Structures are given as structure tokens and as C-alpha cells.
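Asker: Listed below, chain by chain, are the residues.
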Amino acid sequence: MAKLRGTGMAAVNYPTGMNLGGDPSQALIHATTTGTFVISLSSTDLGQGLKTVIAQIGADALGVPVENVMIDTADTDTGPHCMGTFASRATHRVGNAVVMAAQEARKVLLEVAADELEVSPEDLETDGQGNILVKGAPSRSIGLVDTALAAHFKYAKTISGRGMFMKPKSDVDPETGAMDPDSTEAHACTVAEVEVDTETGEVKVLSIKSAYEIGRQVNPALVKGQIEGGSVMGMSHALLETTAPYYPAIDHSPGGFSDYLIPGSADIPEIESVVLEYPSSTGPFGVKGIGEMTANSPIPAIVNAINNAIGVRITELPVTPEKILRALEMKDKE
Amino acid sequence: MTQGKLNAVGQSIKRRDGLGHVTGKTVYVDDVKFRDMLHLKMVRSPVPHARIKGIDFSEAEKVPGFVRALTHEDVPKNTYTILCLIGVGPDEEPVLAEDEVRYKGEQIAAIIAETEEAAMEAVGKVKLDLEELPAVFDVEEALKPGAPILKHWGTNYFVYEGHHCRRVRYGDVEKGFAEADFIVEERYQTSPIEHAPTETTGCVVKPEADGRYTVYTNTQALFFTLDNAALILEVPFNKLHLVGGTVGGGFGGKVDVIVEPITILAAMKTGRPVRYVFMRDEEMRVSSTRGAWRMYYKDGVMKDGRIVARQVTTYADAGAYNRHTPYAVTKHAANAAGPYNIPNVSIDAHCVYTNRQPGSAMRGFAVTPASFALEVQMDKIAETIGMDPWEIRFINAYRNGDMKPHRKVVEDATLIETMQAAAEMVGTELPERLKAMHSNDREGGNHG
Amino acid sequence: MAAKIVTFNLNGREIDVLVKPLTTMQTLLREQLEYFATKSGCRQGGCGSCTILVDGEPMASCLLPVEDVAGKEVTTLEGITPDLGLHPIQEAFFDNYAMQCGYCTPGIIMVSKALLDRNPHPNRREIVEALAGNVCRCTGYEPIIRAVQDAAARMNGQQGGA
Amino acid sequence: MSITNYFQPQSLDEALIFLDEHKDALLVMGGGTVTMPLINEGVSAPEKVMGLKNAGLNYIHQQNGRVVIGATTTLSQVLVEAPLPMLGEAARNTAAWTIRNMATVGGNFFVPPPAGDFATALLALDAELKLVRQGQERFVPVSEFFTGFMANVLQPGELLAEIHVPIPQGQTAFIKFGRKVANTPAVVTVAAHVQFDGALVQAARIAMNAVGPHPVRARKAEEILLGSPLSDEAINTAASTAAEECEPFTDAVASEWYRRKMVKVYVSRVLKNIAGKEG
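Line by line, the protein sequences give chains X, F, V and S.
Mapping to the working numbering: the first sequence position 115 is 115, numbers consecutive.
Mapping to the working numbering: the second sequence position 277 is 277, numbers consecutive.
Mapping to the working numbering: the third sequence position 105 is 105, numbers consecutive.
Mapping to the working numbering: the fourth sequence position 266 is 266, numbers consecutive.
Hints are computed from structural coordinates only; laboratory data are not their basis.
Keep in mind that this is a model prediction, so the values were computed, not measured.
Positions of the beta carbon are idealized from the N, C-alpha and C atoms, including for glycine.
It is possible that some hints are incorrect.
[What the hints assert, rightly or not] Computed cross-link-like contacts, DSBU-like style, restricted to lysine-lysine with a CA-CA straight-line distance of at most 30 Å: (1) S:K48 <-> F:K62; (2) S:K23 <-> F:K62; (3) X:K169 <-> F:K151; (4) X:K323 <-> X:K3; (5) F:K77 <-> F:K175; (6) X:K224 <-> F:K77; (7) V:K72 <-> F:K25; (8) V:K20 <-> V:K72; (9) F:K408 <-> F:K435; (10) F:K5 <-> X:K224; (11) S:K272 <-> X:K331; (12) X:K323 <-> S:K48.
[Stated by the list, open to error] Output of the computed footprint for chain V on chain X, the stretches with three or more beta carbons under 8 Å from beta carbons of chain V: (13) 42-48; (14) 230-243; (15) 265-272.
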């Protein structure tokens, strides 16, 4: 009976955007006389934080405080088309569409402010606190509400913008597989440490430590959330959960959270992460994407750590205690 | 691309929906209720493969609260169209089963009743006359002659422009294998897993006074769902108004457009709001999973660690129907060689049908199984040639300017920098040679 | 089928409800009283998203007949949420990003409330054990554990940092 | 038809009256943690249900060398009061806090495998079940209660009212091995109670769960221990014997092969735990 420790690593990339592109997203922005900028979308938030990060992108693209940005999404009558939330695409695609729409709206915002301050738009800048200032003479400024009111009641101008982003659809050469699948690549390298009980085949994951490179982080706390959640989902995929415990047979399929084994609060390893930011060439503010990839590198890192601990390489998921015992028994026979 | 200093991007502001979450005020689909709302429950196949000879609703109709049943005859265009909307066909999954059922749990008939209990009781009283047929569950068995055939085009695989699989051909793997000092082969297999979000898939459809239908749904893709539903129901797109965007966990499991079309149809036929939300065991045993993937890797490797040839043969277990798997297999083909610069690559990625709960999209979409196989294979290569696992990856890591097997030039690559950061974080002392590498050290060149 | 009047205290207020036999507290709260903070993740007692407190004890409302709470004190998340502002636990969860999709959050906050009422200074093991019946698929639990520790600090007067 | 009546007897006698009146038509429920999911999913649609929660059967007290536990005492109560170390362990390893606040000790005798870990501990402690019906009561040892898969000696009109647990004279140990750390079904559960006469084993009870149609005793393994010291060698032989005599099954959590392997491992670990205590 022994408890053996092992360490394993894995390095992965992950493409941003729906494979082959052709997944457009639109955004409409309009200011109301409350000084609020409404961003209309039809994108969905699955918990990854779209409603938060898109507001942040919109705020900086407009040059206004994030508190002045409201996301109005997920109503097909009022929001322009969006392909949907998957493929780590939303921050990149919807973000780009929002930046485009914001540029158009910002242009009108500065034109109206320029008229009010009797300067030319090029002389103006926004401080991100809700003020539009004359460069070099910050005392001469105008607030967002005043500008919006002036635009509406004085100049009969609409402070609004339209945005659209699509990576044109690429098709696949049936012979060679040539294709242009993605807009950029995010990366991750995970190191997992495990302890294997050679008598029961149990694997305890002690730690999952990962470095991620995902271009610009829009909201570091939400990025960390994806890394922590993905690490646990990866650990579960590697060791515990399946709808077909005896695949390819369909027997004994679990019917609920009792016999479908996903980790609970007591099962989680120590999780550590560091995030590098190498801005992408195609994303808004250099964004790439992270949502889909965070379960990927922990899985092989854990399998490699098990091999490092007990010298058996299990190549079938999930790596159950039974598979480990059977592999150890075969190894002893050799 | 935009002006000056960033004030919001890069800040860890709190979640916009956070206050709703912690107070329980966030509204999810199953918080949507209407006074005269009906409930829909599905009659499902108890067996993995059978011919449907008859369905008897006589006992079910006697259940107090029973309103009506729906079968394939009620569905205007009884075929799911999800792939044709993204340029991949043919579509082959019925909304409600017609002549055959091809997986245990497949939707056969919808029962609509005043209460959920009445609907469940009525479902239990529907009598199915089924003639069980032989079933196949293994992807390689399904491709052998004599296996039960699942598709109307007479095979158990998806046809990719005339080919029985998605192909990538780059360089000459046989030449690569011939040159190689070592050949490293392995078989990798993943099992299907369920998205298991804490909120199950569901929708509520309300007929509006103006003849349109409002669909409250936790789909991940509103317009994609709208378009598919409209095509199935043969109604103008603008008849449907989808509202959602607050999803209790998706993970790829809420983009199959399975509950919306039939529930809109039920609302159309009854003129009343209808609610169809999966029970947990339906989410587990019937809703789509991440498919199972069987991947055979064969690599040619030189003594110095360079991988000169990589051949990948993959069988994706789509289960009984396409859903998103044919599309996932193409993404798999674009990633199965990994973030490594390999001169000779051959990939055959098959999308295979079995009599199983369909596989579809899940977080990582076909790249998750590839990353698993790739990174265990890289360790096996390192062990075979006696090299450190870090080093084998640094040597082969792709650099900006390299050409990927699917003929796309590498850009925005930072695998090397990411590995360096991970090593530093865990205190692994990399040799200077590896610390000196960077992703632009071969700009423009190939195999530096 | 004889419906019955059941009297109990809901979030500090005595109420009488008319329910059919074996109606669950989950169904009563969500379908009749429109208290939607109590969620419905599985109706098998396996996910914890429907947790409510009965005389301060966390229970799975999906398995609890309404008749069983007659004369008792029932607390739901609506009852913990002050009319103005937030309960310290809610502040701690919000500040620690202890949720993503939010569907499991109500149930987890109820269990955390019951734990902290009973044990103002829980260690990590005690927090983890209390939460063993709550499934969260998004966060990986770590931020939730941090949030409960932070909530304990806030409720004990020390200013909990995010 | 759906549920017509939910009876909540206020006393054991009232419960027996309802039971006599409605016999098989009445589904008896303890905490509801097994019955309610089946009703919620429409798998079970009883007409009449009787909940015993208010029948005054939740108490724990000691009575001439025995711990007496009312049938509807919740697992949380047992965990808090921990009348015996093994019972505290068994309760702590069953489900999670929220469910333990509802699940009852008596209910644990009517659950499908691999559930029933608490009943397994009681089996190892030679507990006796007080079964009552109108005007009659009888004591049945847990070891004779189960007659097959989801079957037992309960007669029509009879209820499980109390569990009597003799205070163990020897050393006890309990391990519940699941695939997750908490709130998870058993791969195998082993509970043992060994009494010594000096260094020799005078009496041994080894109870196992999830390796038979219900909690079972490893009788052959027990015999091997009698009359000899609890040596490593005796423990290994007993563990191997227990692995042979058990009847494991396959489910989503573990296969028959793996459960049989784990019986050998965990019977050995439990006995070594006891040997360690004996010192």
C-alpha cells in the first residue's frame, strides 16, 4: 500500500471564434438624455460575465464611465443579431462590434461638445469620468448629460452608432483540409500535482497551477473565475464524471447529481494561476478569449501526473480508480 | 484603435448581475409563469433502437387535465435544421420520431396538460408498440459491414464533400515516418460527459394578442434558435420573439434548439402559454452530451526531439444524430496536430453515428479531447526518446510565422512564453536554452 | 382530494396557505407564492439550489411537504435580504465574485447563513462540509469558500476585505 | 389520480391506526429523502402517504446498557449527539447537512443499495429493531431484518419504531469509501466491532454495504478472527474471505470487480484500525 505523488504538465492553445468564422455579431449604441449609453445586443450571459465585460469595453470605447453604460440584451425584437455565446467568441466579436458602434457615437458626442465649447472636435478629449475637456485647458469642459441634452434639443443630433463584426466564413478544402478557422489563439500551460493510493487506485489532485496567455484581460477577476471553474471541470472530466460509466455500453447511466460524479466543495485542489497579456492583432483592445479552454489543459496534466506517480499511462477518460488498479496489476505482471 | 488611457477595461469591476444573483432576484426561465399556462412532457423511447408500429393515447387522454398530444404529424417540417443554418447538411433528426427511434430517450410524442403532474401521469399511460431493432454503440463497430444503419443515406458516417471523413493532408507522413528515429503510437478515448448546469434546459412560450409568440428561453443563441424554430414550424421569422440572455449555466448544452420548436407548436395548437423544462434525469440521460472521442495518434520523432510526422485518425461518437458534431469534427481537424510545428501531418476525422444519446457542443468543442490526446502523447514521446517533457514541447512549439497543417500562418502565438511563465510559477528550473526561446524567434521562417 | 390549510411563519410573517396533500415547499414557494429566489435544480435533493431554513436548519424544499412545516419558522433568501441594502453574506458573495450564472447562489447563501448562525468562526473544513450538498458548476467553489470566510469576518465586526 | 391524503399521526398509536385502516394503500415515509424524489419524477404515484415526523419518534437516550434511538430521529441529530463514535461517523458520512436534517435513522432501512450506510453501522453493533403493530411489539436483530433486495420482515400493519443499540464492549471502526470526499454513494462501506479476551478475539462483527442486496455481515471472515490475536495475517485472511463471500454489483459509481477489490482493502483497513486501537 503506498501513496505516491507525481507531477505532470500540459501546454495547449485554443482558437478564438466559431470555427471557420462566419459568426457575425452586431451592436447598436445610443445615448439618452440621461447621459446613459445603451448598448443593444442579442447576446447571452451564461455566467461568463458578458453583461459586465461588454459594458467595460463600451465605456472605454466611448470614453465614458462604465456606470453610464447599460447593456440591453437578449431580446430578438430590440437587439440586432448575434450568433450566440460559445467558442470563446463573445468578448472578441461583440467587443469589436461595440467598439465600432462606439466610434460612430463618440464622433457625434465630440461634435456636439465642440459646438458647445466652440472648439473643433480634434481639440477635445474625454477623461472617462463623464467630462469632455479641451485638451490643455481642462477647466473648459462639458458633462455628458449637458452634451446629450444639447445634441437632442439644440442640434437635433442623435448620439448613436452601429457596429458589426464578422470574420468572413472560410470553407475547407475537402482534399487538404486547408481552412482559416480562427481569429487568434489563446494559450495555457498547466502543472498538476497528484497523489495516487496504489491500493485503491484513488487519485487526489493536490494542486492545479496554470499560466494563461489570453491577450488583454477585460476583467481579471472574471478571468480568474473561468480558470478556477475550468480547473475543477477539467479535474472532474479527467477523473470522475461520465454519462456512460462503461462506455461504449449505455448501461448504468446516472440520473442525477448523486450518481453523476462532479466535484463538491470538499473535492477541490489548490488552484493557482498567472495571466500573461500579449494583445491579439484582431480583438478589441487586444482581447483574445478564455471561456472555453479552461478545462482543457488540466485534463492531460492530471493524466501525465498520474503516470509520473505510478508509471502507468491511462489513455481512457475518466481515469477511474478501477482503471488504475487494472493498469497496476498488468504492470506488475510485466 | 481607441483613444487614450483605459479606465474600465482591465479593472475587476463587480458583476453587473451580481446583486440580482445574491438576492435571488435574477429572473431565470423557470421563474416565468402565466395564469393559464400548460405543461409539456415528452413520451420518450425506452429502448436504443426500434421501429415505431403504433402509439396509443387512449388511456393517457383519460387523465384529468390532459389537453392534447402532439406527434410528428403535427410538426410542419419535422426536421431539425441546425446545421444547414451554418452551411453544413444534410439535416436528419426528426423533431418528433417518425418511423424509428435511434436512441434511448428519443422524443416520440409531446403530452400537454393543465398541470405538470397530469402531464407526467398521462405520459406514463401512453402505450408504445415498438419492434426493437439491433443497436450499435461502438464507433468502429458502427463502421463495419453488417452494422445496423442509422442514416437514410445508408451509412453510419457523415460525408464531408465526398469523403468519409474530414481530411487534413500536409507534407508526406509516410516520408516522415521513414526518416524518423522513433515511431510513437497510442489510442486515446474519452467518455461522454454531461454539461450538468444547475439550471436545466427549458422554455416558456406565450401566444400574444397580435398573433406572435414570445419565447422565454435559456438558449445560448437567440437568433439561431429563432431561425431553426421558424423553419421547423414554417412560420415567418418575425412571428417569433425570443427573450432570454440569463442562463443558469450553458457550457454548450443549451444551443441544440430542442425544447423551443415543440413548445411553440404546443402554444400554437392550444392558444395558451406552454412550459417545457427538462427534469434533471432528462438533462442527464437525454439531453446532448460532449460526445466521446476515439483518437489514434502515430508520430515520427527524431532523436533530437523534433516531431517530423503526425498521423491522427479520430472517430467522434455523434450518437444517434448530427446536432453539432459534424461541425465539431472540422474544428477537431484544425486542432488535432496541436500547437506544434510539424512538417508532415495527416488527419482523418470521422463523425460516426451510434444508437446513443446525441453528442453535441460542450465547452472546448472537440479541442478538449484533442488537447487531452496531444498532451499525453507529448509525454509518451518524451518518455520514449528519453527527453524532459518540457523540452519536447519547447522544441516543437509553433512560432509566429510557421505554417499550420491547415495552411494558416501562425500569429499571436505565445505557447513558449506561457510555458516559461508556468515553469517559473511552479519553480521548475528550465535550462537556459529553453529560457532563451520565444515565439518570434523564427519570424517568417519554417522549421528554424 | 382534500386540500388543507397549513399555518406557518414565512420570513417573519404568519401565513395560512391552502395546499393539496404532499405539495412540496418548493412548489408552494415558486408556483403559489411566487417566491422565486428558491430555485429548482433537480427536485431530487441532489443540488441544494432549493435550500430553505426551517427553524434555522437548512432543508431541501423540493423534498419537504408543506404540511411538515406547520407551526414552524421558514426562512427563504427573500427573508434574509433586507428591504434596503444587503445582508453581510450577500455583500461578501458579491465582493468575492462567488457566483457566475447565479443559479446555485440562493441555496448556497441559505446554507452559509445557517452555518454562520451556528458557528460564527467556521474554519475551512467546516465551511466545506456545510456546503457539501450544494452543486456549483461554474466557480469551482474556491471563491464561495472565500466569501463565507469574508462573511464571517464581516458579521463578527471585523471589516471583511474583498 | 394523484395523492389524496397525507397523514401526519401525532403519536405512534395514531400511526398504527392509520396503517391498520389503509394497509398496503398507505406509503409510509420518514424524512422523504428517498420517497419524495420518486414522487417528484412521477416514478411513484401513491394515493395515500403517511409521514411519521410528528409521531414522537425522534429521541436518543440510554436505557440499561443500550442506546435507544427513535425511528424518525434525523441523521443530523445522531451526528450532533453522537451517542456512539461509530454512529457519529456513519451519520457524518451519509449525504450532506441539508439532507441529514431530513433523513431518518429508520428510513435508512428502506433505501435501495448502495444507500444504507447508517443501517450498516447498526448491523455491526448487533442493534435490534423494535417493530410494533397495534397491541404488539417484537424485537428483530438488524442481521435478520433484511430478506432480499428492498425486502424485509416487516408485516402488514407493522412499523419500525425504535432501534436498540447495545453499548459496544469491544473496539469499533467505520469507513465509508466513496468516489468523492463527501455527499456521494458508497463504493463500499465497512463497519466492524471486535471484542477481545485479553489478546484474543472473543467476538467479531464485520458489516459491509454496497456489496449485496442490502447491508450484509461477512460471517465467514468473522469466524476466521475468532480465538486468535488480531494479527496482520489474520486480518489479511479475513479481508480476502470477506471479498470472496460478498456479492457486489455494478452501478454508475463502481463496478462489481472494483467493489470486490475494495472490500478486501477496506475490511483490512477497518480491522487494522481496530487492532491499532487495541494497541
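Asker: Hints first: check each against the structure and report whether it holds.
Answerer: Status of the hints after comparison with the structure:
1. S:K48 <-> F:K62: 21 Å, holds
2. S:K23 <-> F:K62: Given that 30 Å is the threshold and the Cα spacing comes to 28 Å, the pair holds.
3. X:K169 <-> F:K151: 28 Å, holds
4. X:K323 <-> X:K3: 17 Å, holds
5. F:K77 <-> F:K175: The given pair, whose Cα atoms are some 51 Å apart, is violated under the 30 Å limit.
6. X:K224 <-> F:K77: Violated, because 45 Å separates the two Cα atoms, which is more than 30 Å.
7. V:K72 <-> F:K25: Roughly 25 Å separates the two Cα atoms, so the pair holds.
8. V:K20 <-> V:K72: 19 Å, holds
9. F:K408 <-> F:K435: 27 Å, holds
10. F:K5 <-> X:K224: 23 Å, holds
11. S:K272 <-> X:K331: 28 Å, holds
12. X:K323 <-> S:K48: 46 Å, violated
13. 42-48: Per the Cβ count (3), the hint holds.
14. 230-243: holds (count 4)
15. 265-272: holds (count 4)
Hint compliance for this structure: hints 5, 6 and 12 are broken, all remaining hints hold.
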